[in-house]
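2 protein chains.
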Amino acid sequence: MGNVPSAVKHCLSYQQLLREHLWIGDSVAGALDTAQETSQLSGLPEYVKIVEVGPRDGLQNEKVAAGATEISVFGAASESFSKRNINCSIEESMEKFEEVVKSARHMNIPARGYVSCALGCPYEGNITPQKVTEVSKKLYGMGCYEISLGDTTGVGTPGSMKRMLESVMKEIPSSALAVHCHDTYGQALANILTALQMGINVVDSAVSGLGGCPYAKGASGNVATEDLIYMLNGLGLNTGVNLYKVMEAGDFICKAVNKTTNSKVAQASFNARLE
Amino acid sequence: MGNVPSAVKHCLSYQQLLREHLWIGDSVAGALDTAQETSQLSGLPEYVKIVEVGPRDGLQNEKVAAGATEISVFGAASESFSKRNINCSIEESMEKFEEVVKSARHMNIPARGYVSCALGCPYEGNITPQKVTEVSKKLYGMGCYEISLGDTTGVGTPGSMKRMLESVMKEIPSSALAVHCHDTYGQALANILTALQMGINVVDSAVSGLGGCPYAKGASGNVATEDLIYMLNGLGLNTGVNLYKVMEAGDFICKAVNKTTNSKVAQASFNARLE
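Residue numbers (this note's numbering), protein chains in the order written: chain A, 3 to 277; chain B, 3 to 277.
Please keep in mind that the hints were generated in silico from the structure rather than gathered at the bench.
Computed from a prediction, not measured in an experiment: that's the story for all the values here.
There's no promise every hint is true.
Heads up, the list lumps identical chains together, so a pair's fine if it works in one copy or across two of them.
As the list claims (entries may be wrong) - Pairs of lysine to any residue residues, derived as SDA-like cross-links and limited to a Cα-Cα distance of at most 20 angstroms, are as follows:
| # | residue 1 | residue 2 |
| --- | --- | --- |
| 1 | Lys261 | Asn273 |
| 2 | Lys172 | Glu97 |
| 3 | Lys261 | Ser105 |
| 4 | Lys172 | Leu43 |
| 5 | Lys257 | Tyr142 |
| 6 | Lys98 | Glu72 |
| 7 | Lys51 | Ser177 |
| 8 | Lys140 | Ile111 |
| 9 | Lys261 | Asn240 |
| 10 | Lys51 | Gly242 |
| 11 | Lys85 | Pro175 |
| 12 | Lys104 | Glu94 |
| 13 | Lys104 | Glu72 |
All chains, full assembly: derive it from the sequences and hints.
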């Protein structure tokens with residue numbers, strides 16, 4: 003488990019905690035009252051699947067192989083980022099991924115493909131939607147059941163999100179796409195809202211906005227699961243996730259790793275308790 | 003100037019600084035490259051006016067009368083909040099505002115009306131769109147040229163924003179409406195995006211997310227002007243405001259009042275400079 007704090011090592015229960023606390027399907031019944039509203043924005047999905055990626059971004063360079071029920075491959079739409087993050091070119095990475103995904107499929111293990119730098123690169127700046135589409139298409143073509151499009155440095159806006167998705171969706175059905183937004187520039191929820199309006203219904207997030215990527219300069223962390231669920235609840239979208247329990251899990255994890263939560267919902271609720 | 007830090011008192015130039023730094027109409031020419039994109043979301047306005055409200059929320063209880071070229075009246079859609087914030091009922095406040103606005107109009111001074119608690123109240127919880135509409139209509143009817151609809155505690159989501167605006171827009175043209183979003187629950191930009199999509203093109207914000215309201219429990223501050231402009235630039239919407247200069251102003255103000263910026267754009271840019 004590398005340099006993971008002992009408190010977290012201690013809890014093999016971390017994964018278990020997340021499973022128990024995030025996925026028990028209480029629907030939005032326990033959500034904050036003010037956030038219980040009926041969806042009225044057009045084009046939104048009825049159900050949104052939230053993929054908790056805190057452990058991924060926190061442990062993505064660790065080998066977590068034993069008993070895996072799903073694997074992930076981490077591609078990028080930027081050559082420079084690919085070289086720094088996974089130490090090979092995009093083309094080389096695709097060859098390696100193809101073998102891995104093929105083996106996994108033989109064992110009936112589903113593979114998820116990630117495309118980093120989908121809205122910009124810390125080294126190259128702009129990344130074209132065409133490049134993102136090309137890499138996504140390769141990952142989908144080799145058998146990844148879902149492609150998670152990552153705004154690794156959080157530079158995207160609703161404008162670039164829309165342009166990128168319009169391009170990718172010409173090649174891959176929206177049902178096989180997810181978005182993965184970092185909140186570095188505060189744009190994550192607006193970008194996710196845009197993706198939802200375009201028919202995407204799988205969203206990556208991390209409890210308390212933990213995680214990040216050591217190779218993405220200034221990447222301050224994934225969008226906080228708490229803030230995402232708050233928005234989805236407010237839109238009347240079903241997630242099967244109980245916000246209060248996520249907040250409890252976030253509080254537990256932040257104390258364990260001695261970090262301050264990046265969730266504004268958690269901060270606001272904590273401040274409210276103090277008053 | 004009450005309990006305003008002396009550094010700010012010292013600069014009567016604060017207002018001047020904002021005027022000089024925020025309104026010199028450099029358009030988006032100096033904006034971050036990655037954020038320069040063409041608007042592609044449907045229904046967005048071409049131009050968005052940003053109203054800097056830092057001083058308002060910071061000094062709203064101060065008497066700033068000398069030489070005023072515009073006045074504001076601060077109504078609320080919640081009885082309890084009205085009583086605590088301005089010490090009278092909604093009905094009483096409307097009577098007083100009517101006199102004030104009438105006098106102002108006689109002197110050709112435009113009056114802006116604010117409606118606090120438009121998406122929820124710290125004391126009463128839910129506020130109906132009907133109540134917000136009723137108060138807005140009164141303010142508009144007495145001669146306020148614009149009604150700023152305030153999510154004072156930041157509890158709103160794109161769902162409640164849409165419902166509230168749909169109701170208010172039945173009575174008041176969108177050209178006479180503005181939104182004023184606090185980012186307490188991290189929803190501000192997503193809420194503003196929703197308002198833009200509905201045709202609103204005046205948005206209140208505060209440099210570095212400063213300000214707030216002492217009577218709104220947990221109100222962590224207005225949406226940061228920097229983060230708002232970043233999103234608008236990314237949508238290709240013209241604001242006439244130069245992001246870099248706003249960031250300079252924000253840096254100056256935060257140092258002067260010894261506060262950490264609440265702008266994620268400013269934080270990310272600062273972190274990038276350190277690396």
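> Looking back at the hints listed earlier, which ones does the structure fail to meet?
Replying inline: 2, 3, 5, 9, 11
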